[in-house]
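Participant: Just so you know, the protein sequences line up as chains A and B, in that order. Numbering (the numbering used here) for the first sequence: 40 to 152. Numbering (the numbering used here) for the second sequence: 2 to 117.
Honestly, the hints are just simulated from the structure, not real lab data. Predicted, not measured: the structure shown is a model, and the values here were computed from it. A hint or two may mislead.
Said to hold, decoys possible - Straight-line C-alpha distance at most 25 Å; calculated DSS-like pairs for lysine-lysine:
id	chain 1	residue 1	chain 2	residue 2
1	B	Lys45	A	Lys109
2	B	Lys63	A	Lys112
3	A	Lys94	A	Lys112
Said to hold, decoys possible - One side only, chain A facing chain B, incomplete, derived with CB under 7 Å:
id	residue
4	Val58
5	Pro80
6	Arg82
7	Gln83
8	Val87
9	Tyr93
10	Thr137
11	Lys139
12	Thr144
13	Gly145
14	Phe151
Glycine residues also receive a C-beta, built at the ideal position from the N, C-alpha and C atoms.
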Amino acid sequence: AQTVTQSQPEMSVQEAETVTLSCTYDTSENNYYLFWYKQPPSRQMILVIRQEAYKQQNATENRFSVNFQKAAKSFSLKISDSQLGDTAMYFCAFMSRTDKLIFGTGTRLQVFP
Amino acid sequence: NAGVMQNPRHLVRRRGQEARLRCSPMKGHSHVYWYRQLPEEGLKFMVYLQKENIIDESGMPKERFSAEFPKEGPSILRIQQVVRGDSAAYFCASSPITSLSRNEQFFGPGTRLTVL
Chain A
40 AQTVTQSQPE MSVQEAETVT LSCTYDTSEN NYYLFWYKQP PSRQMILVIR
90 QEAYKQQNAT ENRFSVNFQK AAKSFSLKIS DSQLGDTAMY FCAFMSRTDK
140 LIFGTGTRLQ VFP
Chain B
2 NAGVMQNPRH LVRRRGQEAR LRCSPMKGHS HVYWYRQLPE EGLKFMVYLQ
52 KENIIDESGM PKERFSAEFP KEGPSILRIQ QVVRGDSAAY FCASSPITSL
102 SRNEQFFGPG TRLTVL
């Protein structure tokens, strides 16, 4: 069975600084998708970034980028130039062959002014 | 171009009552997923439905829970004889997925169920 592990329950960063959130996963599949979702206090799930496992190039979306290490089954999220609005829970997720998302337990990120 | 809609946003039930949660997918989406988020936890998959079909219900509790996605109308997650442990946020997501590709799942705002 696939599993997703986020080992950092809480992180904090000062505004304008860079922070990296860790995620590891376990699967026997070769083709899959990985996602980072943001959940602010409103509880709405917002897609931050996605990565296809068959692509070697790391995905980037503005201030958000990933470090995807397929052999190590690692998928970390880097947030550059952190903003107060980045304060939220961040969930790493794996999409299985059956198209269901498997989520990690989340990392609570606090951005300080 | 409305997103995924869920109602009600908040639902309070007493133990033993029934809860009905509704999800209207985005226009053009024929695939619906239900997830449950217990307090201070991540989302857990419950069920995956296409119109009139249950594709994967491996995350559904064996008793009291059921889901449907009829040809017309919203998807319904039904919880019979609710217990305090059912208190959670229930999220619906929809996807336009085809047999040839996987697509992003678009999430609704969730329904927060509180069982007294």
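Participant: Evaluate each hint against the coordinates.
Facilitator: Status of each hint after checking the structure:
{"no.": "1", "hint": "B:Lys45 to A:Lys109", "verdict": "holds (24 Å)"}
{"no.": "2", "hint": "B:Lys63 to A:Lys112", "verdict": "violated (32 Å)"}
{"no.": "3", "hint": "A:Lys94 to A:Lys112", "verdict": "holds (14 Å)"}
{"no.": "4", "hint": "Val58", "verdict": "violated (19 Å)"}
{"no.": "5", "hint": "Pro80", "verdict": "violated (12 Å)"}
{"no.": "6", "hint": "Arg82", "verdict": "holds (5 Å)"}
{"no.": "7", "hint": "Gln83", "verdict": "holds (5 Å)"}
{"no.": "8", "hint": "Val87", "verdict": "violated (11 Å)"}
{"no.": "9", "hint": "Tyr93", "verdict": "violated (12 Å)"}
{"no.": "10", "hint": "Thr137", "verdict": "holds (5 Å)"}
{"no.": "11", "hint": "Lys139", "verdict": "holds (4 Å)"}
{"no.": "12", "hint": "Thr144", "verdict": "holds (5 Å)"}
{"no.": "13", "hint": "Gly145", "verdict": "holds (5 Å)"}
{"no.": "14", "hint": "Phe151", "verdict": "violated (22 Å)"}
The structure shown violates the earlier hints numbered 2, 4, 5, 8, 9 and 14.
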